[in-house]
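Peer 1: When you get a sec, could you build the whole thing from the sequences and use the hints?
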Amino acid sequence: MIEQPKIVKICDIKDETPNAKTFFFEYMGHYDPGQFVMVWIPLNDEKPFTLSYINRNIAGITVLKRGNFTKTLHTKKIGDQIGIRGPYGRGYSLIKGNAATCIVGGGIGMASIACLADKQENATIVQGSRTMPELLFRHRYKEMRLCTDDGSFGYKGTTVDLLRELVGKHDYQKIYACGPEKMLYKVYELCNEHHIECEVSIERYIKCGFGICGQCDCSGQRICIDGPVFNSKDLKDMPDFGKTEITKSGKRISL
Amino acid sequence: MIEQPKIVKICDIKDETPNAKTFFFEYMGHYDPGQFVMVWIPLNDEKPFTLSYINRNIAGITVLKRGNFTKTLHTKKIGDQIGIRGPYGRGYSLIKGNAATCIVGGGIGMASIACLADKQENATIVQGSRTMPELLFRHRYKEMRLCTDDGSFGYKGTTVDLLRELVGKHDYQKIYACGPEKMLYKVYELCNEHHIECEVSIERYIKCGFGICGQCDCSGQRICIDGPVFNSKDLKDMPDFGKTEITKSGKRISL
Amino acid sequence: MTDVKLSVNLCNIRLSNPTILASGILGTTRALLKRVAECGAGAVTIKSISKEAREGHNNPTVITYEAGMINAVGYSNPGVESARIEFTNLKEIGAPVFASIIGTCNDEFVKVAEGLSESGFSAIEIPLSCPHTPGFGLLSGQGTPKATYDITSAVRRITHLPIFVKISPSIPEITTVAKAAEDAGASGITAVNSMGPGMIINIESKKPVLGFKVGGVTGDALRPIAVRCVYDVYKAVKIPIIGVGGISTGRHAIEMLMAGAVAVGIGTGVYTRGIDVFSKVCAEMKQWMIENGYNNINDLVGIAHD
Amino acid sequence: MTDVKLSVNLCNIRLSNPTILASGILGTTRALLKRVAECGAGAVTIKSISKEAREGHNNPTVITYEAGMINAVGYSNPGVESARIEFTNLKEIGAPVFASIIGTCNDEFVKVAEGLSESGFSAIEIPLSCPHTPGFGLLSGQGTPKATYDITSAVRRITHLPIFVKISPSIPEITTVAKAAEDAGASGITAVNSMGPGMIINIESKKPVLGFKVGGVTGDALRPIAVRCVYDVYKAVKIPIIGVGGISTGRHAIEMLMAGAVAVGIGTGVYTRGIDVFSKVCAEMKQWMIENGYNNINDLVGIAHD
Ligand SMILES: Cc1cc2nc3c(=O)[nH]c(=O)nc-3n(C[C@H](O)[C@H](O)[C@H](O)COP(=O)(O)OP(=O)(O)OC[C@H]3O[C@@H](n4cnc5c(N)ncnc54)[C@H](O)[C@@H]3O)c2cc1C
Ligand SMILES: Cc1cc2nc3c(=O)[nH]c(=O)nc-3n(C[C@H](O)[C@H](O)[C@H](O)COP(=O)(O)OP(=O)(O)OC[C@H]3O[C@@H](n4cnc5c(N)ncnc54)[C@H](O)[C@@H]3O)c2cc1C
Ligand SMILES: Cc1cc2nc3c(=O)[nH]c(=O)nc-3n(C[C@H](O)[C@H](O)[C@H](O)COP(=O)(O)O)c2cc1C
Ligand SMILES: Cc1cc2nc3c(=O)[nH]c(=O)nc-3n(C[C@H](O)[C@H](O)[C@H](O)COP(=O)(O)O)c2cc1C
Ligand code: FES
Ligand code: FES
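Protein chains in written order, with the numbering used here: chain A, 1 to 255; chain B, 1 to 255; chain C, 1 to 306; chain D, 1 to 306.
The hints are simulated quantities; they were obtained by calculation from the structure and are not laboratory data.
Heads up, a few of these hints could be off.
The calculated lysine to any residue pairs, modelled on SDA-like cross-linking and capped at a C-alpha distance of 20 Å, are [as the list claims (entries may be wrong)]:
no.: 1; chain 1: B; residue 1: Lys236; chain 2: D; residue 2: Ala31
no.: 2; chain 1: C; residue 1: Lys286; chain 2: C; residue 2: Cys39
no.: 3; chain 1: A; residue 1: Lys6; chain 2: C; residue 2: Arg251
no.: 4; chain 1: D; residue 1: Lys280; chain 2: B; residue 2: Lys233
no.: 5; chain 1: A; residue 1: Lys243; chain 2: C; residue 2: Ala31
no.: 6; chain 1: B; residue 1: Lys233; chain 2: D; residue 2: Ala31
no.: 7; chain 1: A; residue 1: Lys6; chain 2: D; residue 2: Ile303
no.: 8; chain 1: A; residue 1: Lys248; chain 2: C; residue 2: Ala31
no.: 9; chain 1: D; residue 1: Lys213; chain 2: C; residue 2: Pro172
no.: 10; chain 1: C; residue 1: Lys34; chain 2: A; residue 2: Gly220
no.: 11; chain 1: A; residue 1: Lys65; chain 2: C; residue 2: Asn58
no.: 12; chain 1: D; residue 1: Lys206; chain 2: C; residue 2: Trp288
no.: 13; chain 1: D; residue 1: Lys206; chain 2: B; residue 2: Lys248
no.: 14; chain 1: B; residue 1: Lys248; chain 2: D; residue 2: Phe212
no.: 15; chain 1: B; residue 1: Lys6; chain 2: D; residue 2: Ala31
no.: 16; chain 1: D; residue 1: Lys206; chain 2: C; residue 2: Tyr294
no.: 17; chain 1: D; residue 1: Lys213; chain 2: C; residue 2: Arg251
no.: 18; chain 1: B; residue 1: Lys6; chain 2: C; residue 2: Gly250
no.: 19; chain 1: A; residue 1: Lys9; chain 2: D; residue 2: Ile290
no.: 20; chain 1: A; residue 1: Lys251; chain 2: C; residue 2: Ala31
no.: 21; chain 1: B; residue 1: Lys6; chain 2: C; residue 2: Arg251
no.: 22; chain 1: C; residue 1: Lys146; chain 2: D; residue 2: Ile290
no.: 23; chain 1: C; residue 1: Lys213; chain 2: D; residue 2: Pro172
no.: 24; chain 1: D; residue 1: Lys34; chain 2: B; residue 2: Lys6
Partial list, computed: chain D residues near chain C (C-beta under 7 Å) [stated by the list, open to error]:
no.: 25; residue: Cys105
no.: 26; residue: Gly196
no.: 27; residue: Gly198
no.: 28; residue: Val227
no.: 29; residue: Ile254
no.: 30; residue: Met258
no.: 31; residue: Gly293
no.: 32; residue: Ile303
Just so it is clear, the structure is predicted and the values come from calculations on it, not from any experiment.
Ideal Cβ positions, reconstructed from N, Cα and C, are used throughout, including at glycine.
Peer 2: Structural data, given as structure tokens:
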């Protein structure tokens, strides 16, 4: 395998929220929900994004504007080129049959679970954001349980608050989650309480993406290749989860 | 492919003539009669030899003692190690069915056609040497027409003399030959006269063996990869054949 | 099964086997060092530490190509103060841990070495040979015999730990540099760092792929160069050599030992064979030794020399 | 089909396409040069010629490994007198033919250049960069800026042909050497020769495989280093560059042109893709140019620079 960006043309762009856009491009090859690709803007930088759409040979990434890189990406127009390498990492493991599951997306974390939600049958989909305009993919699924911190739409409260209610009512065999790590940690604790298996996708600063540089460590697990998705059993041995992360320089900081 | 010697143990040695020995070793892989291998003696040198025997996983090379390398090789004992890489080059093309062919070996050139003679059905096998003790593989074939320059055994005269007689009597579809180039050239002329296709194996100084160094040139053909076996049609466009060769330094000399 | 001894004595440090995690690969956190030790490494090296924190170059920082890997991480590291907090209780790692220290001047090397002196490292490696980080290694002239001598002497003065000086394959005077390190009190030579630098251009975008444009070449591409360096350095110095460059199989490791290395570093191999490359290489070495009638790995060291 | 122009003007020599047979590969006889020209090379270079005949090193002289090739042919050649007899009627080769001359002192370079002056060569290449032949190239200090200047000047004085100075990838001061060549009157820079040297040890016999033990590394292993050298030299000199090192596909050739080469040499590619590598590379370049909207190969030269 050669780990180098392949240049693709942006063939469509969709505004998802005031601060998030989806960029579509031609994509060949395999993809498991939860895996990620490295997106390269020549002479600028290269950063990790989940595929939020995958359909025949067209994939999409949904990008929240944050710092230098995502701001530059947001200036790209249809026809512009970006580099893609990957997919990398270990995605979510789907459950076959019709056991009930719950899929929880917090903020832009929704992008990571979007393709999983496309595939996993019989799943309750929960999305939470701070406020209504930030909600993603509103018309994508047959049904989605929405919540906002400020109550501007749907359930008022966090995804964890809503999830706690749902867990009481349904017999979930597994709960999937992606979002801020504080949220993930609470989901993990909630699952432990109720003896439900959970799978969460963790973010860490990514450089190589293929397990060599050690940048993305979380308790000896490389997010980029051992993760980004980890299950309850993995998380039990990952004391850094929910506690500390490593910055670009390698400094350990509290989350 | 990696072009590097593989070390093998000499598992048997057979004295063929006072100056020629066959060394046997384990050999895996494909081999077409007429191809050659490079034989390496570490810290000494590495030179080309035809496989004169091939049987299940055991191959043999029959080596005439000449200069430094072959003398050193002749000191090797059973259990000693040598390096082998290859096989290289394009071998003889066999004729299917029962058309008559003739296979001619001159001197140690007999080693090159020995495996061909094992395989090609309905072939007259002719071997010539200067004198009787130099004759090879006397008991290997059902029938072999032998000649010696000095008349010490068989037909008195050269292989070409004998071949001329045979060609009058048989309807050969093809004549194969390996031996001194002067002999090969005469066989080629004889074949042209009688409109018989011929295939001869040519020797040139070999270095790389895989077509990169240009050492083994004969009129723009690389003996090591385009040959060592050439047919009448090839030879027509090879004015150097029978005339000049290139020494180790690259100097062109008359044959 | 025949008993085969893989353990090695490297400057009085006992390694259970001759494979060492090379610096800059995975050695960012204590947890990863521990994991690599569990994957069978005989010793592990931390990612190089400078006095102050460094973010390194922009991404892409590591890419691969047909013949190996090319990287310009740019010495990202949290600085010596944070490193001191990260790397504690090294005894529990399960294998000796080597520090790797960098600086832009003698004084910085000394400061970092002092900063890490109480941490329990088994040795200190000094790379003077990075080909792609301004201020360090080849790009600031640290690869010359004189600079090597000066930096090594300065660190030698303030520590009793074994010092390994890590040299570049991309300088003609490699043996002179190795000798300068030996003369200055180095305990061993690590040969080699990444080569080049090299550049890979993405032709569709017409731009170099690496964020820093150029980077050090490692892996298969480097192996024959590294073997030759070890072979030459073995003749030039008396101190032991850690052979690094393109090792990903037991055969590669044995080749490096035969050239003169006492132990081998593995970097790119973590990618090509996975994080358990260490135990794989050891198993392959063992297998080869059994088939070829050796029972002590140390008997292989330097036997390619006449 | 779109019209795509591959032809190149290299120091007023017209090449029908930018691929050139590198020196030392197949260029031993007139007949092989002709065959390579028929296989589509835009120009061909003869194997380097010295004053007296040389047998070169013992075999193995060329081997391959996972990442490329390693050779120590040792400049076997028939000497200038025989070469003069071999290389005649060069007009009929079908592509420009470049001489390659070597010597152990300025005077020998001059003698060989003079000896070949009436043969009809289109240019003279001077390799000062072989890593594995005592008396020549790196092993006799010809790769320094001063020696490069002296040798180039000496040859410049006695010929009006374009002179290409061929430099090593294995020296840190590559741009200084290129500038020295330019200052001395070189018409172009050939970058690069083989790298290293490197060594491959056969572990069963415990011996280096090459007859000379060490040899120059070429092919995929070399490509990123060669691209970087071309990129750097492009910034340092104004004369054109022939980019050599690891080129075996159209994409590789385009990468080299983007780094700053006007034409590309191909050596190891003759092994990896066959003797018709030249026409294959040209077809692939054309295809890529059509797909990416280019119609003149010269528009690619140096465009990876900001
Ligand atoms: C596996 C994975 C999947 C991701 N998927 C998505 C996605 O689908 N959509 C989306 O909008 N974002 C996603 N992200 C986060 C995204 O990579 C960052 O938002 C982006 O890198 C920010 O870059 P910036 O220069 O714009 O911001 P900066 O100002 O550099 O940083 C903003 C935030 O992003 C984080 N970040 C910066 N660089 C990286 C990096 N190289 N690796 C990881 N985190 C980084 C920083 O730690 C900080 O928290 C994902 C991250 C990971 C690890
Ligand atoms: C394709 C091929 C197949 C051959 N098969 C056999 C064989 O089956 N049995 C056998 O006895 N011999 C064979 N030879 C010839 C054999 O390679 C030489 O006899 C041997 O190399 C001589 O080496 P030396 O050092 O003993 O003799 P030297 O004193 O070096 O030379 C003696 C003769 O061998 C020739 N020779 C030397 N080195 C080489 C070389 N590298 N390549 C080609 N010719 C060389 C010389 O030109 C000279 O004519 C073959 C040659 C070729 C090209
Ligand atoms: C991604 C990466 C980062 C590296 N970082 C460092 C470093 O910080 N310090 C150092 O001394 N060497 C560093 N190196 C060099 C390696 O330690 C090693 O010398 C080199 O990779 C050759 O070994 P290999 O072919 O097994 O990878 C790095 C190499 C790679 C590939
Ligand atoms: C077998 C072989 C022989 C070579 N001989 C010469 C030579 O005589 N003169 C020279 O200038 N370069 C010589 N070279 C170097 C090549 O011309 C070229 O610079 C090098 O191989 C890099 O290109 P590549 O990667 O395409 O092979 C030789 C290379 C090989 C592989
Ligand atoms: S990002 Fe390099 S190891 Fe994960
Ligand atoms: S021996 Fe090298 S090309 Fe034939």
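Peer 1: Work down the list of hints and note, for each, if the structure agrees.
Peer 2: For each hint, the structure was consulted:
1. B/Lys236 <-> D/Ala31: holds (15 Å)
2. C/Lys286 <-> C/Cys39: Holds. C/Lys286 to C/Cys39 sits at ~16 Å (cutoff 20 Å).
3. A/Lys6 <-> C/Arg251: violated (34 Å)
4. D/Lys280 <-> B/Lys233: Violated - the C-alpha atoms of B/Lys233 and D/Lys280 are around 26 Å apart, more than 20 Å.
5. A/Lys243 <-> C/Ala31: Status holds; Cα separation ~15 Å.
6. B/Lys233 <-> D/Ala31: At roughly 17 Å apart (the allowed maximum being 20 Å), D/Ala31 and B/Lys233 satisfy the hint.
7. A/Lys6 <-> D/Ile303: holds (19 Å)
8. A/Lys248 <-> C/Ala31: With Cα atoms ~17 Å apart, A/Lys248 and C/Ala31 stay inside 20 Å; holds.
9. D/Lys213 <-> C/Pro172: The hint holds at about 17 Å.
10. C/Lys34 <-> A/Gly220: Judged against 20 Å, a Cα distance of about 8 Å means the pair holds.
11. A/Lys65 <-> C/Asn58: Within the cut-off at roughly 19 Å; holds.
12. D/Lys206 <-> C/Trp288: holds (13 Å)
13. D/Lys206 <-> B/Lys248: With a Cα-Cα distance of about 27 Å, the restraint between D/Lys206 and B/Lys248 is violated, given a limit of 20 Å.
14. B/Lys248 <-> D/Phe212: Between B/Lys248 and D/Phe212 the Cα gap is close to 16 Å, so the pair holds against 20 Å.
15. B/Lys6 <-> D/Ala31: violated (33 Å)
16. D/Lys206 <-> C/Tyr294: holds (13 Å)
17. D/Lys213 <-> C/Arg251: The hint holds at about 18 Å.
18. B/Lys6 <-> C/Gly250: This hinted pair holds, its Cα atoms lying about 17 Å apart.
19. A/Lys9 <-> D/Ile290: Within the cut-off at roughly 17 Å; holds.
20. A/Lys251 <-> C/Ala31: Within the cut-off at roughly 14 Å; holds.
21. B/Lys6 <-> C/Arg251: Since the Cα atoms of B/Lys6 and C/Arg251 sit roughly 13 Å apart, the hinted pair holds (cutoff 20 Å).
22. C/Lys146 <-> D/Ile290: The given pair, whose Cα atoms are some 54 Å apart, is violated under the 20 Å limit.
23. C/Lys213 <-> D/Pro172: holds (17 Å)
24. D/Lys34 <-> B/Lys6: violated (35 Å)
25. Cys105: violated (20 Å)
26. Gly196: holds (5 Å)
27. Gly198: holds (3 Å)
28. Val227: With a minimum Cβ separation of about 5 Å from chain C (threshold 7 Å), the hint on D/Val227 holds.
29. Ile254: holds (5 Å)
30. Met258: holds (5 Å)
31. Gly293: Since chain C brings no Cβ nearer than about 11 Å to D/Gly293, farther than 7 Å, the hint is violated.
32. Ile303: holds (5 Å)
The structure fails hints 3, 4, 13, 15, 22, 24, 25 and 31 (numbered hints given earlier, in ascending order).
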